[in-house]
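Given chain C's structure and the hints, the job is docking chain H onto it.
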Amino acid sequence: MQTFAVHPFEAPDNASDIRRDLRAFLAQHQPTEDPVKRANCWTEFDPEFSAALGSAGYLGMLWPKRYGGHERAPLERYIVLEELLAAGAPVGAHWIADRQTGPLLLRYGTEEQREQYLPGFAAGTMYACIGLSEPGSGSDLASVRASARRTDNGWVINGQKVWTTGAHISHAMLALVRSEEGSERQAGLSQFLIDLDLPGVTIRPIIDMFGTHHFNEVFFEDVLIPHGALVGTEGAGWKQATAELALERSGPERYLSSHALLAEMIDAAGSDAPPDLTATIGRLVSEMWTLRQMSMSVAAKLASGEDPSVEASIVKDLGNTFEQELPLAIQAVVDCDLADGSNQARLLATLLQVSPSFSLRGGTREILRGIIARGLGLR
Amino acid sequence: MADGLFAQLRRQAFAEAWPQLEEADFGLLLIPEDRDGFGGDWGDLAAVLRLVGKHALAAPLGEHVIAQALLFGAELEHSGFVALADGNGAPWGREASAFICQRDGKLALGTGSVTQSESPAGEPRDSVALDGNVTSLGYDADVKALIAFCRFCQTAGALDAALELAIEYTGQREQFGRPLSKFQSVQQSIALLAIEAAAVNCAAQGAAAALDRFGMGGEANFEIGAAKLRTNTAIKTGCALAHQVHGAIGFTQDYPLHELTRRMMGWRSEGGNDAYWANRIGQQTLQWGGAGLWHEMTRRTDPA
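Line by line, the protein sequences are chains C and H.
Just so it is clear: in the first sequence, position 100 is 671 by the numbering used here, and no numbers are missing.
Just so it is clear: in the second sequence, position 185 is 218 by the numbering used here, and no numbers are missing.
Extracted from the complex, chain C is given alone in its bound form (with noise of 0.2 Å):
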C-alpha cells in the first residue's frame, strides 16, 4: 500500500514571473517596521495591506470573475500563498475567507450569498471568522449546541463560540449551529453566514499567553438573522463543515509559517557557522524541503479534483512538528541572548512562545492522527 499518493506538482509555465511579480509587490507594499510580525505571519491582521493585495488580484484568484475573482488556476494560486508565508507577510485579516469562506459559498452558497461577500472577500475589505468550537465542544466537534430556531422572520440564534480567530475584525462569522431542536451529534447541524454587527452578538477578547488578541468569545442572544442567511442545505450542516475543515488543513501554511525565523537565523549564522549550527540548519532545510514537496503534492491533489483529506492531515501534523521543532532547534545551537533585542532574539523569543498552539488549532495532533488511522482503515 502506499499511504500518500504522490501528485507531481506540475508548476504553471508562469510560475517565475507570478513570483518575481508578487516579491516586486511585496517590496513595495510590505510592512517592515517590526520584523517580529514576520513570525506566525498569517495571524498578523493588516486590513491595509490586504485590500493592497485583493486590489492587486491576488485575493479571490480562482474564483469567478462576476464576483470580483481572477479565474486563475489552482496551482498559480498555490505559488502566490507559499510566497505570502515566505515572506511573513501580514495576511492574517482576509485569510480565512479566501481560504475556506469563500470557497464554501461558491460551493454550497445562494446566488445572493455569493454576491453579498465574494467581491468583498476578493477585494480584501471583508473578513470572515470560523464559527466552530464552544466551550464545551472543542476537538468534539459534533458535541455543538449553539442553537438556531427558525421563525417567521428569520432564524434566531442562541449560544456561544469560542476560539474564533479574528471575529473582533470580521464582518460575518460562517458557523456551525444545531438547527433541529433536539438533534444529536451530527444530525440537525446547519451553517448560517451571521452578521457580527446585528444586535444580540457580543464579542469578547481572549489574550493568548502571548499577550495578543486573535482568539474571541463570540456570544448569541436571541440574534435575529435572515432566512437567506442558511448556507447549503439545512440539516447538512456536518458534511458542509468537513469539506470545509479539509480547505482549512490542506495549504502550505502549515509549515511556512514561521520561515521568517529560518531565514533570519541562517543570515545571522553568516559565513562562519560552528559545526554544529551548518548541522542544525542542514536538519531544518531538509525537513522542510521534504514538507514542501508534501504540500505541493497535496495541491496538485486538489487541484486535479480529489479529496486529500488523509494527505493534509499528514502534512499538517508534520508542519506542526517542524514549527514547533524550529525555534527549539535554533535555541539549541545558538548561543543567543533572547534579551538582546535583535531580530533573532525578538523571533526566536515570538515562536518559542506562540509554538503549543501550533498542534492545537486547525485540528489537534491527537485528531489528525486518528484521521490518519481511520483512512489507514484501523478505526
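Because the hints were derived from the structure by calculation, they are not lab data.
Any given hint could turn out to be false.
[Claimed, not checked] The calculated SDA-like cross-link candidates involving lysine to any residue, where the alpha carbons are at most 25 Å apart (straight line), are:
hint, chain 1, residue 1, chain 2, residue 2
1, C, K810, C, Q915
2, H, K215, C, P846
3, H, K269, C, A713
4, C, K810, C, Q895
5, H, K269, H, G120
6, H, K215, C, L712
7, H, K215, C, D711
8, H, K269, C, D711
9, H, K139, H, E156
10, C, K810, C, E755
11, H, K215, C, G948
12, H, K215, C, L899
13, H, K215, C, T935
14, H, K139, H, S169
15, H, K269, H, W321
16, H, K269, H, G250
17, H, K215, C, A903
18, H, K269, C, L899
19, H, K269, C, V904
20, H, K269, C, R936
21, H, K269, C, S708
22, H, K215, C, R721
23, H, K269, C, L712
24, H, K215, C, Q895
25, H, K215, C, E896
26, C, K810, C, L712
27, H, K269, C, G709
28, H, K215, C, R936
29, H, K215, H, S169
30, C, K810, C, T892
31, H, K215, C, A713
32, H, K215, C, S880
[To be verified] Sample of chain C residues facing chain H (criterion: CB under 8 Å; computed from the structure):
hint, residue
33, E858
34, M865
35, A910
[Unchecked claim] Non-contacting residues of chain C with respect to chain H, defined by C-beta distances greater than 12 Å in every case (computed):
hint, residue
36, Y679
37, E751
38, G759
39, H784
40, D908
Even for Gly, the Cβ is constructed at its ideal location relative to N, Cα and C.
Same frame as chain C, but now just chain H:
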C-alpha cells in the same frame, strides 16, 4: 510488471534472483530508446527501486541501472554487473566484474581485488582495491549521492511494506478482548509510521524530479542530500515504531519484519549518514543565505 516479478524473487539468493533480473534487462532502464534502451527516467527508476525495497530483494538493482547509465554517459560498455564504489566500499562488490569510483575529480572504471564483508542485514558490503587497469569516464558524478538515491527509494518501499505488516498484524492480534489496532496508542503509533513512510515517498519523488531536471553529474545533490537526510530520520523513527507495534513476534527470525528493518538500519549509514548530509545541506544553505534558500528552492522546481 516489476511488482509481480519482485514478489516472486523475494527471499531468493542473489545467484537465483540476478539472472532473472538480468533477463528482464533492467540495466537498460535509463538508456535512451533510440539507443535500444527503455528510455525511462529517474522517476521510473525511483518507482522500480521502491518495489525492490518493498520486496526486500537481495540484489543491487539500483546500482546496476545507474552504473549502466554512467557508462553510457561515457560511451563505454561493460557487460555484467558493475558495482558503484564510494569511500565506504562497494555494495555487492564480490558479484561485480568492474567498479565505478571517483578518482582525480572524475569517474573512473576499474578492476581490482575485493575484500568481503557484510551489512547488518547480511548483504555484501565489500571493499575494493583497484589495480592499474583504470579508465576515466571523462566526467564527474557523486557516487555516494547516487548510492543514497538507491537507498531512499528502497526505503520508501520498505517502510510502506513495514506499515502494511503493522496494520495487518495489529488487526489480527487480540489482547484485552480486542485487536491491538483498536487501542488509541497503537493507532497513533501506526499513524506516525505512515507519516514517515509518506515523507520518504515524497522526498524520493522530489529527488528523482531533480535528477531528471539537472542530470546525474552532481547538480541534483541538494535534493538528494535533503531526501537522504530526511530518510535517515524516517528509518530511525519508522523501524522503532514498526517493531514496537509488533511486540515480541516482530523480533523473531521467522516473522518477515526484520527483512525490511535490518536492511533499513544499515541503509541509514550508506550513501551518507545524518551528519554527512546535514553538514553538506547546511553549508549549501549558508551559501545561499536566508532569502536565497527560498529563491533557490522555488527556482529549482519552477519551469526553466
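Verification of the supplied hints:
1. C:K810 - C:Q915: Violated - the C-alpha atoms of Q915 (chain C) and K810 (chain C) are around 43 Å apart, more than 25 Å.
2. H:K215 - C:P846: violated (45 Å)
3. H:K269 - C:A713: violated (38 Å)
4. C:K810 - C:Q895: violated (31 Å)
5. H:K269 - H:G120: With Cα atoms ~23 Å apart, K269 (chain H) and G120 (chain H) stay inside 25 Å; holds.
6. H:K215 - C:L712: Roughly 22 Å separates the two Cα atoms, so the pair holds.
7. H:K215 - C:D711: Holds - the C-alpha atoms of D711 (chain C) and K215 (chain H) are around 19 Å apart, at most 25 Å.
8. H:K269 - C:D711: Roughly 33 Å separates the two Cα atoms, so the pair is violated.
9. H:K139 - H:E156: violated (28 Å)
10. C:K810 - C:E755: Holds, at about 15 Å.
11. H:K215 - C:G948: Distance ~11 Å between K215 (chain H) and G948 (chain C) Cα, so the pair holds.
12. H:K215 - C:L899: violated (34 Å)
13. H:K215 - C:T935: holds (20 Å)
14. H:K139 - H:S169: Holds, at about 7 Å.
15. H:K269 - H:W321: violated (29 Å)
16. H:K269 - H:G250: Violated. K269 (chain H) to G250 (chain H) sits at ~29 Å, over the 25 Å cutoff.
17. H:K215 - C:A903: violated (38 Å)
18. H:K269 - C:L899: holds (20 Å)
19. H:K269 - C:V904: Roughly 22 Å between the alpha carbons, so the hint for K269 (chain H) and V904 (chain C) holds.
20. H:K269 - C:R936: holds (21 Å)
21. H:K269 - C:S708: It is violated: about 37 Å lies between the C-alpha atoms, which goes past 25 Å.
22. H:K215 - C:R721: violated (41 Å)
23. H:K269 - C:L712: Given pair K269 (chain H), L712 (chain C) is violated - Cα atoms ~35 Å apart, limit 25 Å.
24. H:K215 - C:Q895: violated (29 Å)
25. H:K215 - C:E896: Distance ~30 Å between K215 (chain H) and E896 (chain C) Cα, so the pair is violated.
26. C:K810 - C:L712: holds (12 Å)
27. H:K269 - C:G709: violated (34 Å)
28. H:K215 - C:R936: holds (18 Å)
29. H:K215 - H:S169: violated (59 Å)
30. C:K810 - C:T892: violated (28 Å)
31. H:K215 - C:A713: Roughly 21 Å separates the two Cα atoms, so the pair holds.
32. H:K215 - C:S880: Given pair K215 (chain H), S880 (chain C) holds - Cα atoms ~21 Å apart, limit 25 Å.
33. E858: Holds: closest Cβ of chain H sits about 6 Å from E858 (chain C), inside 8 Å.
34. M865: holds (5 Å)
35. A910: violated (23 Å)
36. Y679: Its Cβ never comes within 12 Å of chain H, the nearest being 30 Å, so this holds.
37. E751: About 31 Å separates E751 (chain C) from the closest Cβ of chain H, which puts it past 12 Å; holds.
38. G759: About 28 Å separates G759 (chain C) from the closest Cβ of chain H, which puts it past 12 Å; holds.
39. H784: Check passes; 30 Å lies beyond 12 Å.
40. D908: holds (20 Å)
Of the numbered hints listed earlier, those contradicted by the structure are 1, 2, 3, 4, 8, 9, 12, 15, 16, 17, 21, 22, 23, 24, 25, 27, 29, 30, 35.
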